[in-house]
Structures are given as C-alpha cells and as structure tokens.
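Two chains, two frames, some hints: make the complex.
Which chain is which? The protein sequence lines are A and B, in order. The first sequence runs contiguously to residue 391 in our numbering. The second sequence runs contiguously to residue 271 in our numbering.
Calculated from the structure, these hints are not laboratory results. The beta-carbon is built from N, C-alpha and C at its ideal position, and this holds for glycine as well. Be aware that a few hints might be false.
Across the chosen pairs, the derived CB separations fall in these ranges [stated by the list, open to error]:
no., chain 1, residue 1, chain 2, residue 2, range
1, A, L325, B, L229, 23 to 29 Å
2, A, S172, B, D263, 57 to 63 Å
3, A, L277, B, S50, 58 to 64 Å
4, B, Q259, A, S172, 41 to 47 Å
If you want the footprint, here are the derived chain A segments under chain B, 3+ residues with CB under 8 Å [claimed, not checked]:
no., stretch
5, 308–322
6, 331–337
7, 380–390
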Amino acid sequence: MNDAREIQGLKGVSTWSAFCATLRRDLIIALKRRNDLLNPIMFFLIVVSLFPLGISPDPVELSSVSAGVVWVSALLASMLSLDNLYRADYEDGSLEQLLLSPQPLYFLVLAKNIAHWLISGLPVVILSPLLAYMLYLPSEAYWTMVLTLLIGTPVLSLFGSIGVALTVGLGSRGLILAVIVLPLSTPVLIIGAKAVTDVMFGLPVSSHFALLGAILALALTMAPLASAAALRISVN
Amino acid sequence: MWLWFAKLGSPRWFYELSDKWLPWLYVSMLILMSVGLFWALLIVPEDYQQGQTIRIMYIHVPVASISLACFPLMAVAGTITLVWKMKLADMVAQSVAPIGAWFTGLALATGAIWGDQIWGTWWAWDARLTSLLIQFFLFIGVIALRSAIDSPDAAAKACAVLAIVGAINVPIIKYSVEWWNTLHQPASNFSIDPVAPNPPEVWVPLLVMISAVYVFFAIALILRTRNEILQRERRSQWVIDLVTREKNV
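For reference, chain B alone in the conformation it holds in the complex (with noise of 0.2 Å):
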C-alpha cells in the first residue's frame, strides 16, 4: 500500500498511466455527454410549472455540484502536499484552482440565465449565489496568491494553507448566508416512484449529465496537471526523452 502511495506522488508514473486512462476517459465523455444532451435537451418532457426552462437545470447542477467539490479536493491536495511533500499533490491542487473557479463561474452564470426566467431575476442575494460568489472569491486568492510567490516550493505551501482554512470556512459561509437570507429552493428529493414530483424520467438524464461533466472535469483536470507535471519536470530526463522521441517521429 505505500509503495502505492510512493508510486503515485512520482509525476513520471502518473503522467505515463494517464496516457492510458484518457482515451477511455474521451469515449466515456463522448457517449455519455451526447447521450445526456440528446436526452435532457428534447426527450425529457416539459416541467408542468417552469416550461422548457427546466433543461437548464441539467447543466446547472452538475456544475454546480462540481464547483462544489473543487474546493474539498484543493484542501485534501493542498494537506498530501503540507503532510507529505508529494509533488504531485501540488500539481494537482495548482490544476483545480482555476478549473474550480471556471466551474463556479459557470455555476453562477448558468444560474443567472435560469433565474431570470424563474424569478424575473439575474441576480438576488439569496444564500447559495451568495456562498458561491465568496467561493468564487476564495478561488480568485487562491490563484493570486499562488501567482504571487515565486518560490514555486514556498507557493505550494502558502496555497496549502490557504485551501485548508478556505475548506474549513466555506461551511461556515454556507450557513452564515443560509440563515441570513434564502430564496433557492433546497436540493430536491429524487424518488423511483413514477407519481413522485420527480419521477425517473426527469432525474435519470439528470444522472447521467452529472457523470458526463464529471468525466469532463476529470480530462480538464488531467489534461492540466500533465502540462504542469512537463512544465515542471522539463529538466529531468525523461521528459527530454519525451519530447524528443515525438519530435523524431
């Protein structure tokens, strides 16, 4: 097991098995982004109270739910990198900052296209926008600060921390805004139940949607740490050997 774990902070090891993972990972996204697009945008039925407006959900939540989990993952990331020096941890919590800001950004986008035909608004300070906006915030530090520092050593560190204090306090957002203001609906209940408010046919592309964005954050997120782990290592051997051998080709 922690030979595993040796294994798995080496850049090299990592960069060489996601060669072999992304080729499934496109086919997965492709199948399942077409199969859920088709599905939500013109099978699904029209919501009885929100009209066509409803598809939007089946981008919104899966972003959503993903720029959610951006900023756990930069805390796990950032403690592997304070705990155990791995240097692919580092790599890894530098990729998901911005691909959680761009994530959180789309979540609030997508959100205000929705809301404007929902609430007659683009904007209210209801409680979840308003967490998702400070999240945004704490993404935005996260990314300046990390651009700050020039020590690329000492960066890693300094964003280590902030992710964990930023992970320790988006809770404590959350339900400082909750109480102060609410208007978004809480997060519905799914049933397999065909009478049920939400009957299958609404939450099955639903799932769908989810598993096909979350394929799709996982290549972003591989895509970039690769060009970080090349960025990084171009002075050790290995790279060169890569390099060069496609540059022969």
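Looking at chain A on its own, in the form it has when it is part of the complex (with noise of 0.2 Å):
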C-alpha cells in the first residue's frame, strides 16, 4: 500500500521539474569534486601548450595550424571526461533509480548531457581565446572559433555520452571508449575547425554554421535516445 502510493507520488512528478533535478544533482556533485571539474580544463591547456614544442615556435607555423590544434585538444578533453558521465552513478546503484524512474528516459539522459557539457565544455569554450593568442590564431577568426565550440561540444558531450553508456559495465573501458567515440566525433571536428581556418582566408563560413547547427540538432534529438537504449542494455 504504502509503496503503490510512493509510485503514485513519483508519477505526480513532472518531466520537466525531474529533469531540472537531474540537472541540479549532476551539477552540485560536480562543484563538490573541484579536481574532477578541473581535470579537464587543465588537461586542455597542457594539450595546447605540447603542441608549440612538438612543431616550432615559429608564429606563422603556429597560427596555421592553431584552429585544428585548439579543436583536437578539446574533442579530447571532452572525451577524457566522459567516465564521470555516468561510472559512479553506475557503481553507487543510482544510474539504476534512473532506469526505474517513471519519467521517460530521453530527458533525464538529455540532464545528464547537458550538465556534462557545462562542467566540461562550457569551460573549453571560454578558454579558447587564450588559448587561440597563444597559439597566434588571427584575431579575425577568435569569434568564429568560440562560436564554432560552442555549437560543436554539446555535440561532442551527445555523442560520447552513447560510448560511455555502451561501455558503463566494462572493466577496461578507456581505450575501447576512444575507438568508439572518436570516429563518431569526426564529423564535427572537420566543419568546425574547417570554418576557422576559412575564416582566417576570408571565406565564408555560414554554411558551416548551418552544418554544425543541424548536426547538433541531430544530435539533441536522437543522440539521447540511443544513450537511453545503451543503458538500459548496459545495466541490466
């Protein structure tokens, strides 16, 4: 009896007010881990500065190739912070509550995504002009670059967040999780940083903003679906 009328009060909880708890939860036990929350950024900064000592400290060489290096170093920096995304709900049962929730699936996962991309992305993208001056990136193509992350990492947050959940139950999953997602993530590393270097040639770019926006469109409404599907599949 007393059970029916829990389940009776979870069903009285709207999508919406659970998908802003999910998103409240995820976010306060990220400030609550300041290492995990600076891992990535950190691990960012160090991958962009390896790149002036693996190739020349020459400027022109540099900015050449300064849009590429800033897009590469943070689809890896997302990727690195993946595991969080749902391990230690994994281990501590509550990815399973998840699973059990009478709310659909697709909105709580969408929470999740989104908190990871602002703990992970959103950081990445605010960092990138210093980054971009240190890597003599001309100052024409700053706002392209910040627009370009800025479409292109939620996306790099959806499609991982399918890796992750496809690997979730698995002893060794850091490596076969990069074979997985990098592939996925091809698609927007090449039109993102392909509207930065167009930029510093004065091409055009919107088209390349289309094509980020539909991809990201894509992805909001399918990616979280097939996250859903993983999981459901991983845990049981």
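Okay, here's the thing in structure tokens:
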C-alpha cells in the first residue's frame, strides 16, 4: 500500500521537474569534486601547450595549425571527462534508480548530458580565446572559433554519452571508449576546424555554421535516445 | 509471410538451408571469378591514360562497393536483433563486422596501390580515402566492443546500437569530408555507346567482377555465420547429432 502510494507520488513528478532535478544534482556533485572539475580544463591547457613544443615556436607555422590544435584538444578533453558521466552513478546504484523512474529516460539522459557539457565543454569554450592567442590565431577568427566550439562541444558530449553508456559496465573501458567515440566525432571536428581556417582566409562560413547547427539538432534529438537504449542494455 | 520470418530466425533452419546453397555459390563464384579475372587482366584493352594500371580497378571497385554495403547491412541486422530479438540476425551482424573491416582494409590497400601509380602518392587526405578510413575505425570499434562485453546477449544489443548509430553517421562523415577535401574522381557513368569514354568492353568485365566478389562475400558471410551457429548452439541436440553423425561416417 505504502509502495503504491510512493509510486503514485513519483508519477506525480512532472518530466520537467525531474529534468531540472537531475541537472541540478549532477551540477552539485561536480561542483563538490573540484579536482574532477579542473582536470579536463588542465588537460586541455597542457595538450594545447604541447603543440608548440612539438611543432615549432614559429608564429607563422603555429597560426596555420592553431584552429585544428584547439579543436582536437577540445575533442580530447571532452572525451577524457566522459568517464565521469555515468560511472559513479553506475557504481553506487543511482543509475538503476534513474532507469526505473517513471519519467522518460530521454529527458533524464539529456539533463545529464547538458550537465556534462556545462562542466567540461563550456570552460573549454571560455578558455579557447586565450589558447588561440597563445597559438597566434589571427584575431578575426576568434569569434568564429568560440562560436563553432559553442555549437560543436555539446555534440561531442551527446555523441560521447552514447559511447560511455555502451561501455559503462566494462572493466577496461578507457581505450575502447576512444575507439568508439572518436570516429563518431570526426564530422564535428572537420566542419568546426574548417570554419575557423576558412575565416582566416576571408572565406564565407555561414554554411559551416548551418551544418554544425544541423548536426547539433540531430544529436539533440537522436543521441539521448541511443544513450538511453545503451544504458538499459549495460545496466541489465 | 510471418511463418517464413519466424523460420528464418531459426539458426538450425538457416544452417540446413545454407548447406544446399553453398555448392551453387561455390560453382557460380568459380565461374564468375575465373571469367572476370581472365577478362579483366588479359583481354580488356589498356586505358589510353592509365595504361595497365586500369586493371586494378577490377579489384578495387568491387571490394570498395562491398565495404560500403557492410555497414548498412550490419545496422539492418542490428535493428532486427533489437526489435525481433532474432538470434540469427545477431550472428550475421557479428560475422559481417570482421569481413567488413577486411574489405575496407582491402579497398584502402588496392586504392593505395592504384593511387601510387596514378596520383603519384600512396596516401592522400582525400575525401573518400578519409571516410573509408574512418569507417574502418568504426568497424574496429564494433569488433572491440563485442569482444569487451562478456554476456553475449548484452554484447549483441550493444553492438546493434553502435551499428545503428554508426550507420547514421557514415553518410554524415562522407559528406563532411567531401566538402572538406576532394581528389578522388567521382564514380563514372557507364554507357552502352561503344564510342563513349567508358565502352561496354570496359564495364562488362567490371560488372562480372562485381558479381564475383559479391558472391565471394556471400560465401564468406555464410561460412562465418555457420561457424557462429555451431559455436553458440553447441549445447543443442541438433548440433550434437550433426557432429556425432559426421564423426561416425
């Protein structure tokens, strides 16, 4: 009797408030773990600063590769932080509770993905002009780079979420996650980096933005469905 | 129709049916392959631009066309696995992944040999080469995922999801790299007109080779699937009967 009332109570929770609760919970957990929060950003900084050491400190050479370097580093930083997305929840059992909740899993997964992007993607976007400056990116390309990253990094979180959901129950998932997620992320990388390079040559870039936007729309609608299906498979 | 569908899902039924198909497939592959290879390698005239290297096309194009067909096939098999939980579909999906990876690798290798002759370079970051390379990585991802998951049931579903996601992504990757960089020639149009740039004497043997390689692919897929059936159904009575009968003969 009591159980039935509780289930009734849960059903009374609207999808929207469940969405907000999941988002809030993930953000609070992330803010309490300062190290986990800082690691992807530090990783992004370090990887970007390795390129001048590996290629050359020459401003001309660096500025020609700067767009690609920032984009690839953002991709790697996003992937590195993906593991946090479901693992802790899987280990302490709260992921199962999430799957059992009566609200559509699509929205709960979407909330977790948005939280992941706010924690790992947005700082990268904010930091990117600084790194672009260090890599001698021409100043007219700054806005394009920030905007492509702003549209592109959520796609990386959404695609990455599918990979993590598929591998969350596995023992050794680090490398396999990279093998699954990186090929899926290539279109975003190609279009994003190409837009920044085109701006440097004074070419129009609105088509690149349209494509990135289309990919983001597709990822927003489809990727959480795939993640939800994958979570159901992994948790069983 | 539904009865037929249910029957198709039974591994045993497929095993017995493919027993009857295989001899026909072997014979037709032997004929097509020998006719096609003989025609393509010895009879087809030299290309006025590419000389003898045009003959690489007769291997490269069939192999590449199959490598492109493998991912959609895997996604369809994955969908059937997820929706109807058909055992056979997952066995096919599992068998097609390594074959697809091999064919993609072969297409890249033959393309590299051809490219070395025509473009003067083994590898270029050209759209088709790049998208094929990424597709190769996707196949590796599917194979790695399957080998990483212990429970066969979970592995089947997880690979099905990944195959479907990958199949949606393959065209996106293809178009994005096409806008990015293109060196590869577009696919040629074939015509029956003998004075056209591609007369029948060039494309008819290509057609023969394509069918030959398709039959070869079908045989490889069926043999792999049959192995998989025996492996997974090894505890069922009909497999035990089959094996002991073969031992006694």
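Comparing the hints with the structure gives:
1. A/L325 to B/L229: 23 to 29 Å: With a Cβ separation near 45 Å, A/L325 and B/L229 fall outside 23 to 29 Å, so the hint is violated.
2. A/S172 to B/D263: 57 to 63 Å: holds (60 Å)
3. A/L277 to B/S50: 58 to 64 Å: holds (59 Å)
4. B/Q259 to A/S172: 41 to 47 Å: violated (55 Å)
5. 308–322: holds (count 3)
6. 331–337: holds (count 4)
7. 380–390: holds (count 5)
Checked against the numbered hints given earlier, this structure breaks hints 1 and 4; the rest are met.
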